[in-house]
Amino acid sequence: MADEADLLERLRQQGISRRSFLKYCAGLASLLALPPAMAPRIAEALERARRPAVIWLSFQECTACTESLTRSFSPTLENLIFNVLSLDYHHTLQAAAGRHAEDARRQSMEANRGKYILVVEGSIPVAEGGVYSTIAGISNLDMLRETAAGAAAIVSVGTCAAYGGLPHARPNPTGAVPVSEILADRTIVNVPGCPPIPVVISGVIAHVLTFGRVPELDDLGRPTVFYGQTIHDRCYRRPFYDRNLFAEQFDDEGARNGWCLYKLGCKGPTTRNACATEKWNQGTSFPIQSGHPCLGCSEPDFWDAGSFYQALTAPPVDVAKWVVPAIGVGVAAGAAAGLANRLRKARAERRRQPLAADDVKGGEG
Amino acid sequence: MSSLQDIAVPGITVPPSDGLSGNVLALLHEIASLLTALAEEGAPGSIDLRGLPLLPGEREVLKTVLGDGEVVAVIDALGETRVTETRLAGVWWVRHADPAGETIAEFIEVTPCPAILKSDPRDMREAGVALREQLAEWTGGATGGDDGR
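Listed in order, the protein sequences are those of chains A and B. Terminal number for the first sequence in this note's numbering: 365, no gaps in between. Terminal number for the second sequence in this note's numbering: 149, no gaps in between.
By construction, these hints were calculated from the structure, which means they are not laboratory data. Where is the CB? At the ideal position from N, CA and C, for every residue including glycine. Check each hint, because a few of them may be wrong.
[Stated by the list, open to error] Here are some of the chain A residues that sit facing chain B, going by a computed Cβ distance under 7 Å:
{"#": "1", "residue": "K23"}
{"#": "2", "residue": "A26"}
{"#": "3", "residue": "S30"}
{"#": "4", "residue": "P36"}
{"#": "5", "residue": "R234"}
[Stated by the list, open to error] Simulated coverage check for chain A against chain B, where a stretch passes if three residues somewhere in it have a Cβ under 8 Å from a Cβ of chain B:
{"#": "6", "stretch": "11-18"}
{"#": "7", "stretch": "126-134"}
Could you build all of it, start to finish, from the sequences and the hints given here?
Printed below as a string of C-alpha cells:
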C-alpha cells in the first residue's frame, strides 16, 4: 500500500545517494527532452513525491509490455521509478491469487480513491458481453470501468491497450477495442509499442510524479515528448534517404553499406516512436540499426496495413485482380471477405499518410 | 620568464583529413555561442547529446576535436559518471552510465563547474552531524564545537 515516506527517503533507505538521484534526474530530463538545467528542479519535485499506488490491469495481452519494463537492466531509471511505486495489483507480479488478489485491488482503490495511477495492458474484448476474457469471473470490461472510476490518471501501455493491437486485427473475433473506446470521457495516456520502450513507460509515470499531471498529448493520446517525431526523423540512416541511397534487397550492396531501408518496407516515415534515440537492449540497437525495416508497431492497425516488406509508396492493390480469380474457383464468400479485408487495409494505409514517390526521389545530392 | 599571459590557451584539435560533417560543425557553432553567453552573462548552458541523431562516428569526431583538458573526474554513483573538461575552458563532456555501462545521459555542459561535482548542502550538514556524533561516541560526549545545525 502507499505510504507517506517520500521518494528520496525511500531511495536513501535503499542506499541510493542524493548525487545518484541527481544523476538519474539528469537522465530523466534528457528523456523528457527538458533542458539539463531542469534536473535539480526535477529532483526537488520527485523527492517530495509520495509513494503512489498503481493498479496494473492485464487484459488481452502477451505480457511483453510488463516484460519490457521489468527485464530492463538493474538499476536503471525505469526500475528506480518502478521500485518506489506501490504496485498494489498486477497479475504477473503479485503473490496473491484469486479472491485475495481482487480484495487487494478493491482495498487499494478504496484507500487511494482519486489518487492512484491505473495502468492497462492489453485490449478489451466486448463481443458476446465480454466473455472472451474474464478474471475471477469479472469481465475485462467491467473490471476496467470499476477500476477507472477512482483513478487519478489512466495509462494505456502497449499497442493493444492503446489501439486494440493484435487482438483487434482482422477478423477480430473477440471484438477487441482499446481503453479509449470504453472510457471515452476520460483522458487516456497512450504509450503504444509492441512492446513500448521501457524507459518511455517509466518516463510517463515519472512525468506524472514530477509535474502532478499527464504530459502533453497528441491527437492519438500519445505523449508528444516521446512520440512527437517519426522514427524517420531521428534515424541515423536518414542522410542516406536524403541522398537517394537505398537498400533494395536484404543482401545487396545498399544493405551491406547500411543505406536507407525505405524500399524494403520501412514504416519509419509514418511511425512515431522513440526507438531511434532510446534504442533497445542497454541502448545497443534498434530494428533499423540491425538491418530490418521498422514495422510501425506503435501505430494504429499496423497489423492490417499490408506487408511489412512493402514500401509505403508501392502501388495500391488492384481489387479486381483479387476478386475475379476467387469467384472463378467458386469461393464467392471468400472473395467478399477478401475484398472487405483489402478495403480495411486500404483505409489503414491511408491513415499512415504515405509519402509521394517524388518525396523519395527529391533531395538527391 | 614567461608570464601567465604568454601561456597559450589550448585550442581544439585539427579536424580529421576528410573534414567535419555538418552535424559536428553545427555543434561546434552551438558551443561557441554558449561559451560567449557564459563569458559575457555568466549563463551556463548545455547540449544533450543523447537525443541527437548523429551518424556513426560523428560523436567520436566531436570528442576528438574538443580533446581532453586538465580535469577528469570520475563519480561512482549507481554506475560511473565521467566528467571531463575539454581543451576549451568551461566546456565539459559529461557522461552518465548505469552499472552495466549503458549511457543513460550524455551532455556537453558549458559551465565553470558541472553541478554533479558539487556536494549538496544538506549532505554536508548531515555529514557534519554524523561526524560529531561519532566523535562524541569516541570521546565520551565532548565534541568541541557547535551541533552542526
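Hints, one by one, checked against the model:
1. Hint status for K23(A) relative to chain B: holds, with the closest Cβ pair at about 5 Å, below 7 Å.
2. Below 7 Å, beta-carbon pairs count as interface contacts, and A26(A) has one with chain B at about 5 Å; its hint therefore holds.
3. Look at S30(A): its Cβ gets to within about 4 Å of chain B, closer than 7 Å, so that hint holds up.
4. Because the beta carbon of P36(A) sits about 4 Å from the nearest beta carbon in chain B, less than 7 Å, this interface hint is met.
5. Contact between R234(A) and chain B, as hinted, is supported at the beta carbon level, the nearest pair being about 5 Å apart and thus within 7 Å.
6. Residues of the stretch 11-18 of chain A lying with their CB closer than 8 Å to a CB of chain B number 3, which satisfies the three-residue condition for coverage.
7. Chain B is given as covering the stretch 126-134 of chain A, and this is violated because 0 residues of the stretch bring a CB closer than 8 Å to a CB of that chain, at least three being needed.
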